[in-house]
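Chemist: UniProt numbering puts the first residue of the sequence shown at 1, with every later residue one more than the last.
None of these hints come from the bench; they were simulated from the model. Careful: at least some of the hints might be erroneous.
20 Å max Cα-Cα, derived EDC-like pairs, lysine to aspartate or glutamate [unchecked claim]:
#1 LYS96 / ASP82
#2 LYS170 / ASP120
#3 LYS15 / GLU363
#4 LYS219 / GLU295
#5 LYS347 / GLU27
#6 LYS170 / GLU257
#7 LYS170 / ASP231
#8 LYS96 / GLU257
#9 LYS168 / GLU188
#10 LYS219 / ASP131
#11 LYS105 / GLU27
#12 LYS149 / ASP126
#13 LYS170 / ASP199
#14 LYS347 / GLU388
#15 LYS15 / ASP131
#16 LYS347 / GLU295
#17 LYS149 / ASP186
#18 LYS149 / ASP317
The calculated label-pair distances, taken between Cβ atoms and stated as ranges, are [stated by the list, open to error]:
#19 PRO147 / PRO46: 35 to 41 Å
#20 SER20 / ASP165: 56 to 62 Å
#21 LYS347 / ASP268: 49 to 55 Å
We treat Cβ as the ideally placed atom computed from N, Cα and C, and that holds for glycine.
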Amino acid sequence: MKHFPQSEILNSLPKQFFASLVKKAGEYIERGFDVINLGQGNPDQPTPGHIVAKLQEAAANPINHKYSPFQGFPYLKKAVSDFYFREYGVELNPEKEVAILFGGKAGLVEIPQCLLNPGDTVLVPDPGYPDYWSGVALAKAEMVTMPLKEENRFLPDYSELGTEDLEKAKLMFLNYPNNPTGAVADLEFFEETVSLANDHDICIVHDFAYGGIGFDGVKPPSFLQAQGAKDVGIEIYTLSKTYNMAGWRVAFAVGNESVISALELIQDHLYVSLFGAVQEAAAEALTGPQDCVKELNEMYEQRRNCLIDGLCSIGWDVSAPKGSFFAWLKVPNGFSSEEFSNILLEKAQVVAAPGVGFGSYGEGYVRIGLLTSEERLAEAVKRISELEIFKKS
Numbered sequence: 001m002k003h004f005p006q007s008e009i010l011n012s013l014p015k016q017f018f019a020s021l022v023k024k025a026g027e028y029i030e031r032g033f034d035v036i037n038l039g040q041g042n043p044d045q046p047t048p049g050h051i052v053a054k055l056q057e058a059a060a061n062p063i064n065h066k067y068s069p070f071q072g073f074p075y076l077k078k079a080v081s082d083f084y085f086r087e088y089g090v091e092l093n094p095e096k097e098v099a100i101l102f103g104g105k106a107g108l109v110e111i112p113q114c115l116l117n118p119g120d121t122v123l124v125p126d127p128g129y130p131d132y133w134s135g136v137a138l139a140k141a142e143m144v145t146m147p148l149k150e151e152n153r154f155l156p157d158y159s160e161l162g163t164e165d166l167e168k169a170k171l172m173f174l175n176y177p178n179n180p181t182g183a184v185a186d187l188e189f190f191e192e193t194v195s196l197a198n199d200h201d202i203c204i205v206h207d208f209a210y211g212g213i214g215f216d217g218v219k220p221p222s223f224l225q226a227q228g229a230k231d232v233g234i235e236i237y238t239l240s241k242t243y244n245m246a247g248w249r250v251a252f253a254v255g256n257e258s259v260i261s262a263l264e265l266i267q268d269h270l271y272v273s274l275f276g277a278v279q280e281a282a283a284e285a286l287t288g289p290q291d292c293v294k295e296l297n298e299m300y301e302q303r304r305n306c307l308i309d310g311l312c313s314i315g316w317d318v319s320a321p322k323g324s325f326f327a328w329l330k331v332p333n334g335f336s337s338e339e340f341s342n343i344l345l346e347k348a349q350v351v352a353a354p355g356v357g358f359g360s361y362g363e364g365y366v367r368i369g370l371l372t373s374e375e376r377l378a379e380a381v382k383r384i385s386e387l388e389i390f391k392k393s
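Could you build the full structure based on these sequences and the hints that come with them?
Modeler: Take a look at the structure:
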């Protein structure tokens, strides 16, 4: 069979760091081990029943069997604007400041292709969500990383960025609550970001995927709540986490009109539109009963407490995340993040994502997902406590 080589663009995409870990975990499962997989970010709860019921009802409507409007139904854009006003006090023009997306990942990968030319500079958090890198590669742009350090609450310190990098930068990715660190930003930080963006003509893209998950009574703020934020950027919100709709592939971008217009233009060329029944269900999620959001948040906080309290009790010095459904844990002294992840899998059959897979400043940490029951998290802690390193502590 003739082999057709891949394009230079495909070959330039970042390698999937976690593929080997997933494969190795699968091998342990095939050998009959009871593996507790805490290394992935796939919500484990079902979509709330009233949202599923709306999908079932809407799927029977013949209007949804036709092509949907390319840029989404107006009722969904109106639901998004109503949601933002209710939750954050942010006013949005549903016609000009809302774009419907095929999942948050799609928008994040499309944005660099919308706004950048080959060789342009993007500021990217390190550690950060690896798919930011994919969009940068597809746009043939260049990355400058912004270190996220524990001593700065895992927020970038803009004073550490070089003047030349700031002058060349056209785009910046931010993500709070943060994947992988679980950190939460405050409004003061977002206001500082708006000021920086104005000074250097940088478009801010705030990935608000975990916006619905905040702990200890703190509601994570929206970037758009900062004065002037819509002038300098957008925010991307997905229904995957807040409403357990990861498999439904529905999200939206909100904010700066010119960026929203560019996103809709690229999607006009890539897609037709989301299945209308999914759009109806998404509108129901955003505007219907919100008890499910509160209950989900409380469940993640209880899981967090179970995990962190348990690990501290066995002598592992770890800190509790402020938001998201991830815990960012310092590995014990003497191990790299990859070495310690391997020990957890091989000796305890617990899967954790090595921090270095999220960037060089992730070295020295592992990421654990709060995406299984408290019973399984407690079992994971018990297994980890039996490792030789913790027996000595």
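Chemist: State for each hint whether it applies.
Modeler: Results for each hint:
The hinted pair formed by LYS96 and ASP82 meets the criterion: a straight-line CA distance of about 14 Å does not exceed 20 Å. Restraint check for LYS170 and ASP120: satisfied, since their Cα atoms lie roughly 7 Å apart, inside the 20 Å limit. Distance check on the hinted pair: LYS15 and GLU363 sit about 17 Å apart at the alpha-carbon level, within 20 Å; holds. Between LYS219 and GLU295, the direct Cα distance comes to roughly 14 Å. Compliance with the 20 Å bound is thereby established for this hinted pair.
Between the alpha carbons of LYS347 and GLU27 the distance comes to roughly 14 Å, so the proposed pair stays at or under 20 Å and holds. Restraint check for LYS170 and GLU257: satisfied, since their Cα atoms lie roughly 17 Å apart, inside the 20 Å limit. At most 20 Å may separate the alpha-carbon atoms for a hinted pair to count; LYS170 and ASP231 meet this at roughly 14 Å. For the hint linking LYS96 to GLU257, the alpha-carbon distance of about 6 Å falls within 20 Å, and the restraint holds.
Simply put, LYS168 and GLU188 have alpha-carbon atoms about 25 Å apart, too far for the 20 Å limit, and the pair is violated. Simply put, LYS219 and ASP131 have alpha-carbon atoms about 26 Å apart, too far for the 20 Å limit, and the pair is violated. Restraint check: the Cα-Cα separation between LYS105 and GLU27 comes to about 28 Å, which exceeds 20 Å; the hinted pair is violated. For the hint pairing LYS149 with ASP126, the CA-to-CA distance comes to about 9 Å; that is within 20 Å, so the pair holds.
For the suggested pair LYS170 and ASP199, the alpha carbons sit about 12 Å apart, so the restraint of at most 20 Å is met. The suggested pairing of LYS347 with GLU388 holds, with an alpha-carbon distance near 10 Å, which does not exceed 20 Å. Our distance criterion of 20 Å between C-alpha atoms is met by LYS15 and ASP131, whose separation comes to about 11 Å. Restraint check for LYS347 and GLU295: not satisfied, since their Cα atoms lie roughly 35 Å apart, outside the 20 Å limit.
A hinted pair counts as satisfied when its Cα atoms are at most 20 Å apart, and LYS149 with ASP186 qualifies at roughly 16 Å. In summary, the hint linking LYS149 to ASP317 is supported, as the alpha carbons are separated by about 17 Å, within the 20 Å threshold. Checked against the hint of 35 to 41 Å, the C-beta distance between PRO147 and PRO46 comes to roughly 38 Å, which is consistent with it. Here the CB-CB span from SER20 to ASP165 is close to 32 Å, at odds with the stated 56 to 62 Å.
The given range of 49 to 55 Å is respected by LYS347 and ASP268, whose C-beta atoms sit roughly 52 Å from each other.
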